[in-house]
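**Student:** Chain by chain, the residues:
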Amino acid sequence: MASTTVESGAAGHGAEPRGKRSEDGQATYLIAVAEALWEEMERDDRVIMLGEDIGVYGGAFKVTEGFLERFGSERVMDTPIAEETIVGFAVGAAMEGWRPIAEFQYSDFMTSGFDEITTVLSRYHYRSGVKTPVVLRAPSGGGVRASNFHSINPEPWFAYAGGIKIMCPAFPSDAKGLLKSAIRDDNPSLFLEHKALYRRIKEHVSEDAEALIPISSAAVKRPGDDVTIVTYGAMVHKALEAADTLEGRGVSVEVVDLRTVYPMDEETVLRSIEKTSRALVLYESFHFLGIGAEVASVIAEKAFEHLDAPVMRLAPPNHPVPFSPPLEDAFLPQVADIEAAVDRLSAW
Amino acid sequence: MIGSRSPAWLLTPPGLIDYDIANEAMHTLARRRLADEIPDTVIVLQHPPVFTAGRRATEDELLWDEATVTARGGAVRRIDRGGSFTFHGPGQLVVYPILGLGSRPDAAAHLRRLEEVAIRSCADMGVTVARRADVQTGVWSGEDKICAIGVRLLRTRVTLHGMALNCNTDLAWFDGIVACGLPDHGVTSLSRLLGRDVGVEEVAPIAIDHLADAFDLRWSPAPEEISRPLAGAAVA
Amino acid sequence: MTSIQMPQLGETIVEGTILKWLKNEGDAVKADEPLFEISTDKVDTEVPSPVAGTVTKLLVAEGTTVPVGTAVMEIDDGSGAGSGGDGATAPIAASPEAPAQAAAPAQAAAPAPAAPAAHAAQPPQQADQPAAPQTPARAAPQTPMPDRGPRSNILSPIVRKLARERGLDLATIAGSGEGGRITKADVLAATAGTAPAASTATATPLPAAGPEGAALMAAPPSMPAGQDEDAQPMSHIRKAIASHMLASTQQTARAWTMVEVNVDHLVRLREDTKEKFQANYGVKLTYLPMVTRATVDALHEFPLVNSRLDGDDIVTPRFVNMGIAVSYDAGLIVPVVKGVDGMNTVGIARAIADLAARARSHQLQPDEVQGATFTITNPGPYGSLLSVPIINQPNAGILSLDGIQKRPVVVEDDAIAVRSMVYISMSWDHRLIDGELATRFLARVKHNLETWDFAEDLGV
Numbered sequence: 000m001a002s003t004t005v006e007s008g009a010a011g012h013g014a015e016p017r018g019k020r021s022e023d024g025q026a027t028y029l030i031a032v033a034e035a036l037w038e039e040m041e042r043d044d045r046v047i048m049l050g051e052d053i054g055v056y057g058g059a060f061k062v063t064e065g066f067l068e069r070f071g072s073e074r075v076m077d078t079p080i081a082e083e084t085i086v087g088f089a090v091g092a093a094m095e096g097w098r099p100i101a102e103f104q105y106s107d108f109m110t111s112g113f114d115e116i117t118t119v120l121s122r123y124h125y126r127s128g129v130k131t132p133v134v135l136r137a138p139s140g141g142g143v144r145a146s147n148f149h150s151i152n153p154e155p156w157f158a159y160a161g162g163i164k165i166m167c168p169a170f171p172s173d174a175k176g177l178l179k180s181a182i183r184d185d186n187p188s189l190f191l192e193h194k195a196l197y198r199r200i201k202e203h204v205s206e207d208a209e210a211l212i213p214i215s216s217a218a219v220k221r222p223g224d225d226v227t228i229v230t231y232g233a234m235v236h237k238a239l240e241a242a243d244t245l246e247g248r249g250v251s252v253e254v255v256d257l258r259t260v261y262p263m264d265e266e267t268v269l270r271s272i273e274k275t276s277r278a279l280v281l282y283e284s285f286h287f288l289g290i291g292a293e294v295a296s297v298i299a300e301k302a303f304e305h306l307d308a309p310v311m312r313l314a315p316p317n318h319p320v321p322f323s324p325p326l327e328d329a330f331l332p333q334v335a336d337i338e339a340a341v342d343r344l345s346a347w
Numbered sequence: 000m001i002g003s004r005s006p007a008w009l010l011t012p013p014g015l016i017d018y019d020i021a022n023e024a025m026h027t028l029a030r031r032r033l034a035d036e037i038p039d040t041v042i043v044l045q046h047p048p049v050f051t052a053g054r055r056a057t058e059d060e061l062l063w064d065e066a067t068v069t070a071r072g073g074a075v076r077r078i079d080r081g082g083s084f085t086f087h088g089p090g091q092l093v094v095y096p097i098l099g100l101g102s103r104p105d106a107a108a109h110l111r112r113l114e115e116v117a118i119r120s121c122a123d124m125g126v127t128v129a130r131r132a133d134v135q136t137g138v139w140s141g142e143d144k145i146c147a148i149g150v151r152l153l154r155t156r157v158t159l160h161g162m163a164l165n166c167n168t169d170l171a172w173f174d175g176i177v178a179c180g181l182p183d184h185g186v187t188s189l190s191r192l193l194g195r196d197v198g199v200e201e202v203a204p205i206a207i208d209h210l211a212d213a214f215d216l217r218w219s220p221a222p223e224e225i226s227r228p229l230a231g232a233a234v235a
Numbered sequence: 000m001t002s003i004q005m006p007q008l009g010e011t012i013v014e015g016t017i018l019k020w021l022k023n024e025g026d027a028v029k030a031d032e033p034l035f036e037i038s039t040d041k042v043d044t045e046v047p048s049p050v051a052g053t054v055t056k057l058l059v060a061e062g063t064t065v066p067v068g069t070a071v072m073e074i075d076d077g078s079g080a081g082s083g084g085d086g087a088t089a090p091i092a093a094s095p096e097a098p099a100q101a102a103a104p105a106q107a108a109a110p111a112p113a114a115p116a117a118h119a120a121q122p123p124q125q126a127d128q129p130a131a132p133q134t135p136a137r138a139a140p141q142t143p144m145p146d147r148g149p150r151s152n153i154l155s156p157i158v159r160k161l162a163r164e165r166g167l168d169l170a171t172i173a174g175s176g177e178g179g180r181i182t183k184a185d186v187l188a189a190t191a192g193t194a195p196a197a198s199t200a201t202a203t204p205l206p207a208a209g210p211e212g213a214a215l216m217a218a219p220p221s222m223p224a225g226q227d228e229d230a231q232p233m234s235h236i237r238k239a240i241a242s243h244m245l246a247s248t249q250q251t252a253r254a255w256t257m258v259e260v261n262v263d264h265l266v267r268l269r270e271d272t273k274e275k276f277q278a279n280y281g282v283k284l285t286y287l288p289m290v291t292r293a294t295v296d297a298l299h300e301f302p303l304v305n306s307r308l309d310g311d312d313i314v315t316p317r318f319v320n321m322g323i324a325v326s327y328d329a330g331l332i333v334p335v336v337k338g339v340d341g342m343n344t345v346g347i348a349r350a351i352a353d354l355a356a357r358a359r360s361h362q363l364q365p366d367e368v369q370g371a372t373f374t375i376t377n378p379g380p381y382g383s384l385l386s387v388p389i390i391n392q393p394n395a396g397i398l399s400l401d402g403i404q405k406r407p408v409v410v411e412d413d414a415i416a417v418r419s420m421v422y423i424s425m426s427w428d429h430r431l432i433d434g435e436l437a438t439r440f441l442a443r444v445k446h447n448l449e450t451w452d453f454a455e456d457l458g459v
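Quick mapping for you: the protein sequence lines, in order, are chains D, V and C.
According to numbering that gives the first Met the number 0, the first sequence holds residues 0 to 347 in order.
According to numbering that gives the first Met the number 0, the second sequence holds residues 0 to 235 in order.
According to numbering that gives the first Met the number 0, the third sequence holds residues 0 to 459 in order.
So that you can see chain D by itself, here it is in the shape it has in the complex (with noise of 0.2 Å):
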C-alpha cells in the first residue's frame, strides 16, 4: 500500500480532516468522528472501512474525503447498496482477523441488514468462541427535516439484541475519544452519530491520538442539586439549554450524558440521582421501548429509597417522524418541553 503524504490545512480531496479545523482549533463533531477514524486508520493496519459512497465520494456528508486517496481502495471500500452483504463481508473480514468499520449511510438503512446485524454479528463470538470487531456506524436521529426515511434513532432495536455496544456521543471530543475505544474493542459496536449534531457543533477536541474516552461510562454535562436528566445524543444540548433558563428560576438542574447507551453507566446515574432526587429521562428515541424506557426502569428499581417523585420521561411519540416542519418541532421534545416537564417535576 502506498502511503502518500498529505499537507494538513490543504482543502479538497487528499487532506487530511485535522486540517479542516478551524481556525482556532476547534473542530465540528463530523471532523471528530473523521479524525477518529483516519488516526485508527494510521494505527493500525487491520482496520478496514467499507459503506456505500465512502471512497470516490468522500461519504455522504463528507465524513470520508480524502480516505480513499490517503488509505487506498483495499483498505476504504465502496459497496453497492445491500446492507446485510456490507454487514456480512465485515463479519466475515473479522473472523479473518481485521477490524472493519462498516458505514451506513443513514441509520435508517441497517434494518436492511437486521438478520444480519443481530442473529449474526451480535452471537457469532458466543456460538464460536471467534472474536468478531466490527464497528458500525452511521449518521442518526431527526430534526433536520429528513422526514421518516432519513431520522430514525435506532438504537432500541440493537440493544435487544444483547451483543452489541452501543453509542450515542453529543460532543465532538466525546465522539472522536468513543470512536477510537469503539474500534480498538473487540466487541462489536455500534456508533451512531447524530447528524444534527454533525456540523452545529465544535469544540477543542484533543490531538493526542491515545486519548480515549472509556465505553460504557456516562459524563454529569452540568452539575446541579434539584432535578437530574439523564439524557444523550442531540437531546443533551436542548437539556443543557433548558438548563440555563430554569437556573434562572431557581431550578438547579444536572444534567447526565450516558455518551454510552448499552451497556449504560449505571453508577453515574444513580449517583446523581442520590443527590437530587428527582428524575427526567429525556431521549430522542421513541417513548415506548426506548432507551429512556430502561433507564426510567432501572432509577425505580435501584434508586427508589432517594426518590422525592416519580421518575418521568420524555420522548417522542412511537411514530414515524414527520416531515412538515411544525410537525417535526411538535414531535420532538423542545427546549420548552423540557422546561415545562422539570418544572412538573420539581413541584410534585
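Restraint ranges, calculated between C-beta atoms of paired labels, are given here:
#1 Ala108(V) - Asp456(C): 28 to 36 Å
#2 Arg144(D) - Asp26(C): 50 to 58 Å
#3 Gly141(V) - Tyr327(C): 36 to 44 Å
#4 Asp208(V) - His203(D): 36 to 44 Å
#5 Glu65(V) - Ser251(D): 55 to 63 Å
Computed from the model, here is a short list of chain V residues facing chain D with C-beta under 10 Å:
#6 Pro6
#7 Asp35
#8 Pro38
#9 Arg217
#10 Ser219
#11 Glu223
Hints in this document: simulated from the structure, not taken from any laboratory.
Yeah, the Cβ is synthetic: ideal placement off N, Cα and C, and Gly gets one too.
Starting from the structure of chain D, add chains V and C where the hints point.
**Tutor:** Chains V and C only, in chain D's frame:
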C-alpha cells in the same frame, strides 16, 4: 433587586384581539395559575370595539341600543368583574395581569398597584393624573377618567381582568354608555391631554416596565403553546 | 364543624355582599370548591371551601351585605370541633388553601429564623382578621397525621428514609410540596437545626429558636405583684421580642467593635440642604440613609458580614436587604428595605420613612419584616452615645448609629478643634466573622462616611 422578583410571562399579541377569545384565554390561564401550573402571566393587548358590563351594570347605563352598537361595529358583553359598563377599543392599552395573590389576598393593594402603573406611565408621557379615592377606583385627570380599572378574583387567589388606559381611543364611543356608572364624570385620553396622537405602541413599553416594578416581576418569554391562541385571535 | 366567614380581601375592604349561594344546605362540597359569590366595593370573587364536607347551614340571605369576618355558612367536615374560626381547618397558617393545588403556601416560604418582628407583626393583623380560617390555634390532639392538604399523606421513599434515619416524626412537620406533600427538602430542613417554616407558624408566633433557647436557662423564681405593684401580662409582641433577644444572646457568639467617625461635613451638608430635601422629596433628611448607603458599600466589599449560618453552611446572599430597627408603641420592629443595594440615598431615605411610618401605624405586611441580611439600629436621636445592640438573627452583625456630638478632637498638626463626631459600632457573630474582618468592615463604613460627597447623591 436580584432574586426578589418573581418570574412572569408577558404576552403581547399584536393587532386587535377578539374579546371573547381573550376573555376565554385569560380565564384558562387563571385556572392554570391557580393550580400553580404556570407562573404569573400578564397579557397586554387591544380589543376591537366592545362594551363590557360588570356585575353592577344596569341596562339603562347602555345608552345606545344593541342594534346601534352593532351598526357601528361594536359588541356588548356581560362579564364577571364587578363595576359598571366600560368600553374597550382600538387605541386603548388593555392589561390583564393574571397574578397569584398568595394566602393573604389584598385586592385593594392590587388595585392600588394598577393605579400606580397608570399614574407613572402617564407621568412618563408628561401628564399628571391621579387616583381619586373619593370617586372610584381608576385614574383621573380632574373629573375625567383616563384609565378604567376592574378586577375579579378567581377563588380569592388569582386576579382576572385589569386596567384599560386610553391612548388615542376614539372617545366618541363612550357616548354609548354611562361610563363606569358615573353620569357626572367624563372620559379622556393621553392624546386629548397632550394635544397630539399618542398611540398604544408608544405607551405600551413604558407601562410594561412599570408593571414589572409595581408587581415585582421579572419578564420571561411565554412558551409558544401559551401565546399561540391569543396571537391567532387578532381580528385586525 | 367549620364556620365559613366573609373573607378579608384587603385591609380596606370591610364588608361584602353575598351575591349568590353556589351550594345549598345538604350539598356535598369538595375542598377548594366554590361556595358562594361575593361582591365588595373593590372586587368580586367566588369563595372556595377550606374543607371537604357537607353544607349544613346558610346563615345569611342572598343579597345581604355583612362585615368581614361574619359567619355566613356552616360545613360539617366530620371533625366535630366547636363552632368558630378554630374548626378543623388546617391548623397550620401555612396552608390556608391546603386542599387546593394552588400556590405554595405563602407564609410557609418564610424561613424560620426570620426577624422576630415577622411574627410580632402577625398577631395584631390576625386579631383584626378573624375571617381567614388561618388561626394558628391547634385543635385538640387528633389523628397522628392531621389533614394538611390532599397530598399530605403521600410520603415519598426518600422522605421515609430520611425520617427513619434521623428519627423524625413526620406528623410534626407540614409539607411545602404540592397539596401539602412533605418533600425531601422539608425533612432536611426539619432535621438540620432549622425548623421548617410551617412548623413555626403552627405554634404561637415565636421563632423556632425561642422555645429551645428559653429551655436552656433555668427560670428565675416567680415573684408576683405585691402591694403597690401592678401586674400586666406581656403582649404577644413583647413576648416575641423577649424570646428573640434571649435566643440571639444565647446562640450567637456576640462580640463588639466600635469606630469613631468625623461627620462634620455631613452635619454641615444636612444643615445646608435639609429644607430643600424636604421640599423636593417630601421626607426629612436624617443621617440614617447616608449611613445605610455607606454600610451597603461595605457589605459589598465584605460579603461575609452580609451572610448567615444555615446548619453548617454559610449562606451569602448576592443582594442586600437592610433591616432598620424602628421603635413604636408596641415595642420594637425591624422593617426591611429590600434590595437596598439598588437604591441611592434618596431612595433609601424614602423607603425608610415609608416603612417607619407604616410600622408606627401598624400597617406593615408580613413580608416587609422578613428577609433582612443585615440590620442597622439608630438610637442616636434618643440621646445615646454608645450602644451594644443584640444581633437580629440570623444576621451576622448589627450596626448601631449613635448620637452625633461636638467634641474637641486632635486635627492636623496636632491642633485641637471642635468637630461633630459620632460612635458607630457593630455587634457581630464571632461564629461567622473574626475581629479583623469586623474591624475592617467598620473602617470601611467610616472611610465612606468621611470621604464621600453625599451632596450629589442627595440631588440638592
